[in-house]
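Student: Just so you know, the protein sequences line up as chains A and B, in that order.
Going from the first sequence to this note's numbering is simple: count from 1 and add 56.
Going from the second sequence to this note's numbering is simple: count from 1 and add 56.
Hints were generated in silico from the structure; no laboratory data involved.
Incorrect hints may appear among the rest.
Where chains are identical, the list cannot tell them apart; a pair therefore holds if satisfied intra-copy or between any two copies.
Below, a list of computed lysine-lysine pairs in the BS3-like style, where the Cα atoms sit at most 30 Å apart [unchecked claim]: (1) 408 <-> 172; (2) 96 <-> 177; (3) 172 <-> 292; (4) 96 <-> 138; (5) 281 <-> 292; (6) 281 <-> 408; (7) 292 <-> 408; (8) 292 <-> 177; (9) 281 <-> 177; (10) 138 <-> 281; (11) 138 <-> 172; (12) 138 <-> 177; (13) 408 <-> 177; (14) 96 <-> 172.
The model shown is predicted, which means the values in this text are computed figures rather than measured ones.
Protein chains: 2
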Amino acid sequence: MRAIVAAALVLETLSSAAGSAARLQAQARNLTLTAVPGIKVGHHTIAERPTGCTAILVEGGAAAGVDVRGAAPASAETDLLKPVNLVQQVYAISLSGGSAFGLDSRTGIMRYLDEKNIGFKAYGTINVPIVPAASLIDLNVGANPKIRPTADCGYRAAQAASTAPVAEGNVGAGTGATVGKSAGSARAMKGGIGSAAIQMPDGLIVAALVAVNAAGDIIDPATGKVVAGVRTTDGKSLADARVLLTTGALRQLARIGENTTLAVVATNAALTKTQATKVAEMAHDGFARAIYPSHTMGDGDTIFALATGSQPGTADVSRVGALAAQVVADAIVRAARQATGIPGYPAARDLK
Amino acid sequence: MRAIVAAALVLETLSSAAGSAARLQAQARNLTLTAVPGIKVGHHTIAERPTGCTAILVEGGAAAGVDVRGAAPASAETDLLKPVNLVQQVYAISLSGGSAFGLDSRTGIMRYLDEKNIGFKAYGTINVPIVPAASLIDLNVGANPKIRPTADCGYRAAQAASTAPVAEGNVGAGTGATVGKSAGSARAMKGGIGSAAIQMPDGLIVAALVAVNAAGDIIDPATGKVVAGVRTTDGKSLADARVLLTTGALRQLARIGENTTLAVVATNAALTKTQATKVAEMAHDGFARAIYPSHTMGDGDTIFALATGSQPGTADVSRVGALAAQVVADAIVRAARQATGIPGYPAARDLK
């Protein structure tokens, strides 16, 4: 019996070493949110209607902050993230489609973590998984608005979570996401999930995952060019919301409450909850740069920041925040480029 | 006596009609903050050291909001601007150099307005001019940091205030303003005052005045190109803070508390105090687009929004906010282009 255990241990060690090398290679290639050690991401995509949810797990706990900067948010457990409040660490973030209904996804993620006894220990021993959540609205995409992500969606997304590079495009919380709605849904395009990461020479990693469902156009800030957005009335090319807005062609912007872009930024830096909050704030500059217009009355734009703290040394909050804004903008542009068209909503790759 | 009065009235009417036509022409050409009827702007520039202050007067009163989004602000009378608080209208905004000392400029603007009996009427009759204020830090520019804008500066700026197009560059609150300090003051460039306005076919006007003293580089969002910012070590060309940040050449961003960009956006739209607050929030997207990085721990970035309400009809808050972000970005780029070099700080026009 002891021999068998020993042999198993040797095998596990060998396989772990091989796996480790493979993982290091994969990690080096991974330019998505899971580039940050300790972060797992899983999507669940619902077949019946374009919608779904995404679970971002950080089972070891992470300092967290949030900044809700859109005017039409759907969120849960954001009050506990205020720097003055008690809880210092979260164990997952839930992102979903389905507007306020979709917040139920969070329940499934809580159940998954509770089964593993991961969470805040109330009374010293009673497990309460802390899972802040935000949802975007996609109820008008597809035929049946009654189909929305439920607790089951969240549970499956958590089960699917891994450290593999994050799948992008029409998946998870971004499945029903659309962009370029300044002139209404008829001239809109497909949005979705995008992710980006940057690893600095000193080991600092900053990464973002964004579910892009903006009223605004998607702009590549490096060139000022529109990637996806309001189409011309013939539906064949990009109209440029900046031109429509500043010439007066648009007298009324997107309909209220029918958009929302959601993001999670993560870093291996050691940040306090207060510092993570500032990083979430600065990350919104990535929305401003890659979405035009952004933060409107019709967007519930919300960004969560997670800091796992595995990187030794004191972090420069401004540097982490500036890099967060950068990867958020990069992830938004990727979301538009990785999306695939669905009936009524062509993607960037469909337009020439 | 009556005949003389009557003649004077006729003359006044004639001259007013002629003046009116001239004013309309000037107004059509005016692409600065004073394009919004009811807004007057005056600068006072201090000769002894590059610093000064700017008075934005709205003697008829305006609904106002503020969003302080930098981490190192110097401000006054911003708490009363919270939507839940009592006061609904302000009568001026004070912007100045001199860091926390410079807030004294506000006292001079209050005195100017009090002499004209303009303000909130406490007890029904006792005049209290409401003048929110913010300052930027420029104490290390020039030889003597003890020279700062005082109440006298504010009074003179208010006296100088007019509806003429706003002077830009090294004037008023922007006199000692610098930009591109991500790698320290030695590689920085000159910032200053910029202003921009947009008039829509339906009569909506949205305008901005910005005193640009950012840690970050100034970016033209239309092209993604740097206008002014961190210079190469030889001081001769632009290094591009985006490259420095993302390659790891900068391990620590700008020194804490040695920057700050201030803005006032104004519109003739009829907005509530709450709506003006949302417009101030959205206007920060203009900072994000035209400044890289923006909203750092070293920037006390603050934007005030004023709504005079002379434009009939219900305003679309998202539209006003999106246009506010646009004119703020335009004004920031103008500030860099209109600035003139001073010892140690070349301006955009000095670099080829």
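Student: The structure should be examined with respect to each hint, and the outcome stated for every one.
Tutor: The hints, checked one at a time:
1. Taking CA atoms no more than 30 Å apart as the test, residue 408 paired with residue 172 passes in neither setting, with 49 Å inside one copy and 62 Å between copies.
2. Taking the shortest Cα distances, residue 96 and residue 177 sit within 30 Å of each other inside one copy (22 Å), while across copies they are farther apart (59 Å).
3. In the homo-oligomer, the alpha carbons of residue 172 and residue 292 never lie at most 30 Å apart, since the shortest distance is 50 Å inside one protomer and 59 Å across protomers.
4. In this assembly of identical chains, residue 96 and residue 138 lie within 30 Å of each other by CA distance solely inside one copy; the values are 24 Å within and 40 Å between copies.
5. Taking identical chains as interchangeable, the C-alpha atoms of residue 281 and residue 292 lie at most 30 Å apart whether they share a chain (17 Å) or sit on different chains (29 Å).
6. When the C-alpha separation of residue 281 and residue 408 is checked against a cutoff of 30 Å, the pair qualifies both within a copy, at 14 Å, and between copies, at 25 Å.
7. Within a single copy, residue 292 and residue 408 get their C-alpha atoms as close as 8 Å, which meets the 30 Å cut-off; across copies the closest is 41 Å, which misses it.
8. With identical chains, the CA atoms of residue 292 and residue 177 are never at most 30 Å apart, being 55 Å at best within one copy and 58 Å at best between copies.
9. With identical chains, the CA atoms of residue 281 and residue 177 are never at most 30 Å apart, being 49 Å at best within one copy and 51 Å at best between copies.
10. Proximity of residue 138 and residue 281 under a CA criterion of 30 Å is satisfied in neither setting, with 37 Å inside one chain copy and 37 Å between copies.
11. Taking the closest pair of Cα atoms, residue 138 and residue 172 come within 30 Å of each other only inside a single copy of the chain (27 Å); across copies the shortest separation is 44 Å, beyond that limit.
12. Taking the closest pair of Cα atoms, residue 138 and residue 177 come within 30 Å of each other only inside a single copy of the chain (19 Å); across copies the shortest separation is 37 Å, beyond that limit.
13. Taking the shortest alpha-carbon separations for residue 408 and residue 177, neither the intra-copy value of 54 Å nor the inter-copy value of 61 Å comes in at or below 30 Å.
14. In this homomeric assembly, residue 96 and residue 172 come within 30 Å of each other (Cα to Cα) only inside a single copy, at 15 Å, whereas the closest approach across copies is 64 Å.
Hints 1, 3, 8, 9, 10, 13 from the earlier list are contradicted by this structure; the remaining hints agree with it.
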